[in-house]
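Asker: Read in order, the letters of the sequence shown correspond to residues -8 to 479 in this note's numbering.
Quick caveat, the hints were computed from the structure, so don't treat them as lab data. Glycine included, C-beta positions come from ideal geometry on N, C-alpha and C. Heads up, a few of these hints could be off.
Unchecked claim - Listed next, the in silico DSBU-like pairs over lysine-lysine satisfying Cα-Cα at most 35 Å (straight line):
1. K301 with K422
2. K139 with K210
3. K98 with K314
4. K302 with K335
5. K397 with K358
6. K422 with K397
7. K139 with K191
8. K54 with K443
As the list claims (entries may be wrong) - If you anchor each label on the Cβ, the simulated ranges turn out as follows:
9. S297 with N435: 17 to 23 Å
10. Y176 with I407: 55 to 61 Å
11. T387 with S290: 48 to 54 Å
12. T440 with I43: 36 to 42 Å
13. G61 with E408: 29 to 35 Å
14. I43 with K422: 27 to 33 Å
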Amino acid sequence: MLKYKNPVILQDFSDPDAIRVGDDFYMVASSFNYMPGLPVLHSKNLVNWRLINYVYDAFPLPKYNEVRRGHGAWAPSIRYHEGTFYVMIPTPDEGLFVSETKDPYGKWSPLRLVVPGVGLEDPCPIWLNGKCYVVHGYVKSRCGFNSKLGIIECDEKLTIQLTDSTVIYDGHNDNPTIEGPKFNYRNGYFYIMAPAGGVKTGWQTALRSKNIYGPYETKIVLAQGHTEINGPHQGALIDIDDNDNWAFIHFVDQECYGRVTYLENVMWHNDWPIIGHVSDPLLFGEPVAENEYIINKESNYKISLSDNFKKKLNLSFQTPANKVPLDYYVDNGLYLRLKYNDIKDLKDLPHILSQKVGYYNFNVDVKLDLTNLSVNEEAGFTYLGLEYYGLIVRKTLENYKILLVKGSSKTADEIIEEVDYNSNIINLKMKFRYPGYYQLGINNQYFKTKFKATKGDWVGGRLGLFARGYTNNYALFKYFKVRGLDAE
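When you get a sec, could you build the whole thing from the sequences and use the hints?
Answerer: Structure representation (structure tokens):
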């Protein structure tokens, strides 16, 4: 048996969905407005994961050329049908998109809008009798209601919508705010796994019927119960072998650390999947902090965060808007273009390169070469959340200024401290400690104030590199090092 501790992924891969194909597991997650979008992860055991790809480089709509926090790719699904991987991707204002590939490590097809419409979310397909049926939820902020699930019929190749949405379940009474539905099939039943009750206070519901359009029976199969693990939310029921063994992954909201991934065992009782620790199968399971797991395959897979910027950019880095050609490139250093001088707030820079928080306790060291900066041009490092603090290095007529700045999703950036600096090389530093406080510093010294790390718009906190100027030259970052620490 393989022993593990939750979360199995301490990163913000929100709304995870996963499948098994042979001996391999593949997972996708929400990416919202971050590009490249729709991360694809691979595992041999559901415990150890690595980031292998993204479904698209840019979102094919001009509005995503600017920073659109909270928009973009919401909860996706991944399925495998007759030799092809399909992902379905909702955006709350445009509809349901599809991409496909034969090789998840390779190129995915361009996004195509199969179901246009406002207020559709969280789609998942299943195939039956030459058709594809897509279950989905509804976005109250866009269409005026939620707490219902619907089905749309499409052709088998997921290229054409054949029917309008039909509501198959209303959860207002028993499962309010039901969302994130995922289709499975077992023993003659169609199953829909769906969270309800809200992200932090909710539970996992199973719906089942022998007719795809219902009526559906429901049962709560996973809830917080007596644990300290809040609202076991959206996830995926996965067959882990050909012997009717199953597992379940889901996210747990941990504020600035994001929506981290938990793995649970599954026990079938009267054709209901009871998830997690089961004391009474007539009730529901509870999420676990650690466990033993039936798949006994060791793996060295991990998600790398540090980058020496030698030949290509670490996959963990994303921008908050579509990439503009030559805004950055890697060639024995990360070259980040000195432009967007008219954008005054760090949160609105479309080419800021950021990655998810990856440890409970960690240090960051960023080496920056300032040689290419002209007067009043800037580069630096920041934490990004609903409230954020960052270090800006600004070229002056004499030398440089180190600016400690504060900003938020609702307020403009402001300088809260200044330090003179007179060298062309600088190391920007961060100390980050559980439960989410950080200090920023330069070289071997830190500013005294500890800042509270906040989450972002539907995402966890992020660590960002930026440049801003007017010459279209490039700021040069020599490395980005993240060192995880034991809890302190």
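Asker: Confirm or reject each hint.
Answerer: Each hint tested on the structure:
1. K301 with K422: Given pair K301, K422 holds - Cα atoms ~25 Å apart, limit 35 Å.
2. K139 with K210: Cα-Cα ~16 Å, so holds.
3. K98 with K314: 18 Å, holds
4. K302 with K335: It holds: about 31 Å lies between the C-alpha atoms, which stays within 35 Å.
5. K397 with K358: 22 Å, holds
6. K422 with K397: Roughly 17 Å separates the two Cα atoms, so the pair holds.
7. K139 with K191: 19 Å, holds
8. K54 with K443: 32 Å, holds
9. S297 with N435: 17 to 23 Å: Since S297 and N435 have Cβ atoms about 20 Å apart, the given range 17 to 23 Å holds.
10. Y176 with I407: 55 to 61 Å: Given about 57 Å between the Cβ atoms, the range holds.
11. T387 with S290: 48 to 54 Å: 51 Å, holds
12. T440 with I43: 36 to 42 Å: 39 Å, holds
13. G61 with E408: 29 to 35 Å: Hint holds: Cβ distance 30 Å, inside 29 to 35 Å.
14. I43 with K422: 27 to 33 Å: 31 Å, holds
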